[in-house]
Amino acid sequence: MQRIFKTLAVATAFVAVTGTAYAEYPDKPVKVIVGYSAGGGTDVMARTVAPFLEKYLGDGVSIVVKNVPGASGQIGVTEVANSDKDGYTLGTYNLPGMMARTLDRKADYDASSFTYLANVVNDPNVIVTSKKSGLDTMEKLLAEAKANPLAITVGMSSLGGDDHFLLNKLQTMTGTEFTIVPFRGSAPARTALMGGHVAMGILNISEVSAFKDEINVLGVALEERSEFAPDVPTFKEQGVDLVNGSMRGFVAPAGLPDDVKTKLIAAFDKLKDDAEFKAAMSATANPVQVVTGDAFEALNADLLDLAKKVWKESPWR
Amino acid sequence: MYSDLIQSLPDVLAWANLAALVIGVLAGIIVGAMPGLSATMAISVLVPFTFGLEPLVALGLMAGIYNGAMYGGAIPAVLLRIPGTPAAVATTFDGYPMAQRGEGGFALQVAVVSSAFGGVASAFALMLLAPPLSRVTLLFGPAEVFWVAVFGLCSIIFLLGGNVAKGLISACFGVFVSVVGSDPIFGNDRYTFDRLELLDGIHIVILLVGLYALPPVIDLLESPLKTENSAGDHLGTEPIWRTFPRMLRFWKTWIRSALIGIWIGILPGAGGSMAAFMSYNEARRASKTPETWGHGEPEGVAASETANNADTAAALIPALTLGIPGTAVAAIMLGGLLIHGLQPGPMLFRNNPDIVFGFMWQFLFGAILLVFLGGSLATNSFAKLLKLPRPLLGSVIIVLMLIGVYSIHGRMFDVYLMLGFGAIGYVMDKLKFPLPPVVLGLILGGFAEENLRLALRIGRGDWIVLFQNVTSLVLVALTVAVVVGPMIKKRIVKARKTEGKV
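In the order they appear, the protein sequences are chains A and B.
Under the numbering used here, the final residue of the first sequence carries the number 317; numbering is consecutive throughout.
Under the numbering used here, the final residue of the second sequence carries the number 819; numbering is consecutive throughout.
Calculated from the structure, these hints are not laboratory results.
Source: prediction; values computed, not measured.
Beta carbons are placed, not taken as given, at the ideal position from N, Cα and C, and that holds for glycine.
Among the hints, erroneous ones may be present.
Stated by the list, open to error - If you only want the chain B side, here are some residues facing chain A, beta carbon under 7 Å, derived: (1) R452; (2) R512; (3) L513; (4) L516; (5) D517; (6) L771; (7) G776; (8) S789; (9) V793; (10) A794.
As the list claims (entries may be wrong) - Covered, in the sense of this in silico footprint (three residues per stretch, anywhere, with C-beta under 8 Å from a C-beta of chain B), are these stretches of chain A: (11) 64–78; (12) 149–158; (13) 301–315.
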């Protein structure tokens, strides 16, 4: 019995190996490496996107999600950068984190290690204040910050992330200074804000929509208002040109064959107009913004420049 | 606040969740009955495997094992004078003499009924106290959490009993392990040796499995257990409905011991064994016939067994509301919650009320199940368990440990790390260094560092921020009391002794 299994396994492997030479992509399962544990935000995004990607890649291809957690996604994304350039290994990609790590830590990859397929989620930053602080409008907040530099404490998740970059932009634009209190992740930062232990917080819109009654949401860092909180004004409306957020998408190793790359980007492109996909993403609190191919690569370059600028002006480490 | 409690009940009664609880209690009794294997060990081996299960199934197993093991420890304590778990030491004092008199069956029945009573009381304490507490926890900012962590560390060092210096060294080792990885504020690498695997710090389950599971398994393989001439062959068991009325006279002891167990459970640091000792002493002091104690007084078994089960659910009160575990078992249970993406703390009660309240019900039902599963009929067969071949059992546990740890992140690095901690744990065990301070040092040390630094940033470098409100000051006072209290007591006792001599 065992021998039969062995022969069968060898035979299938042989077919699979020789098959790739002339069959068209994709003809075997495509692996998506997620740099975080199952159940986290990035993992949920990957698993929500997977069935739609299967549909648009066609040929009955199956997408297999593999979690490689650790070091804020760095272990997973390094594995993607070093995998075979055949389009059968993709990975999730977070911005600005993945680019910031190339500055503040020794990383075995850089911006040129990837083929940029698509950004799928843009979770914009929001500025929130505790009810206790009494700073319930952007105007009051900025007036207080100007009157007492460094007096306002700002809770956020770790340094070198989107929250930190937003604060940096705000400080440069308005000539203010705040005291940064970097918590380990957004949830403890939000809890400290609700208890009034910090006066202000920088979070993402998906993290505050259920808490609108307990904290003041002053504005959202988008070009236009978010469908998640239509009553929250943008910063632009309030005279501060702040646009920033946390992005999640998909990359493959650099040097993908052209036909494979075109096919993958085309499949991601179709997500833009898929209503069912958008509904599935809203249900998991993921604000969708699909940006594919070259546009995604340009977005990545912009964020790398921003990170470099912040790193040069005020290194956080 | 309590309506969520009622709403979560149907889920708990679902078939799979109830089955998990039954299996958990049975497994717990078996584990507890095997000398050397403890609830902590069993749950830490189990946690990595619960990943694919529904949260309530996983938590049901854990709650069941915890309750079951606290009673299971009484079986060899009564029959062989070998406590199955550290918490059952006080049970041997009167349980074994009873068994020698041929009343082993009655002793076990007293143990099971008392355990169930303690467990039920503890579950009620958790249900009543945790929800209002979870509302107050928003008051706990970084400064307050820092003091809670310091208080917890001090109490585990000074209240655990035994050698304070050894406790301190163990705790320091734990705190050192908490330093490994990127630092909580700036993210600088510390002791990572350029290994990405170490960047997130050392996962608590890896440390727990190594420290708590490997040494007892080595012991299990090393020393053959002598079970000949055990009192287990003539238990003299009568049906429980006939013996139950004879137990009713223990009601005062039950209530007193349950309160002691709950109180010790809420306090960080101390655990089931301390609860059992304290309640045994208090019950003897209150007894009209203290001379019969130690010679087979069933009330002594009742006191010890009520208290060590009353400690279980209560130990989760600070763990669930503040996210700060007070005992090693609570720490692993938190690990189990985290694996399911459930972040302990005030938000847990808001975001996942069905699960957190369901977990509380499971503690209650687990305690009630004890009477049925550990009752007179089953006890006879559990006594035979002690005759299982120990090498077989040890090998099975080792295999489970290796698979479990590998499956956390899917890498061998963690397995080597676990084996390393196992070796350290074995040496510490032989040299009589206490293990719980290591675990709490890892968790509370991390909490203390992170929150101290956050508090100082909030206060812009001014240390006064640590003493600015009543909550902080109360915690400081408690910490001082825990550190200084035992010293003063020692002085007074010494002074009295010298006076007596003069």
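Task: Hints violated by the structure (listed by number, smallest first) - done: As far as the earlier hints go, 1, 2, 7, 8, 9, 10, 13 are violated by this structure, in ascending order.
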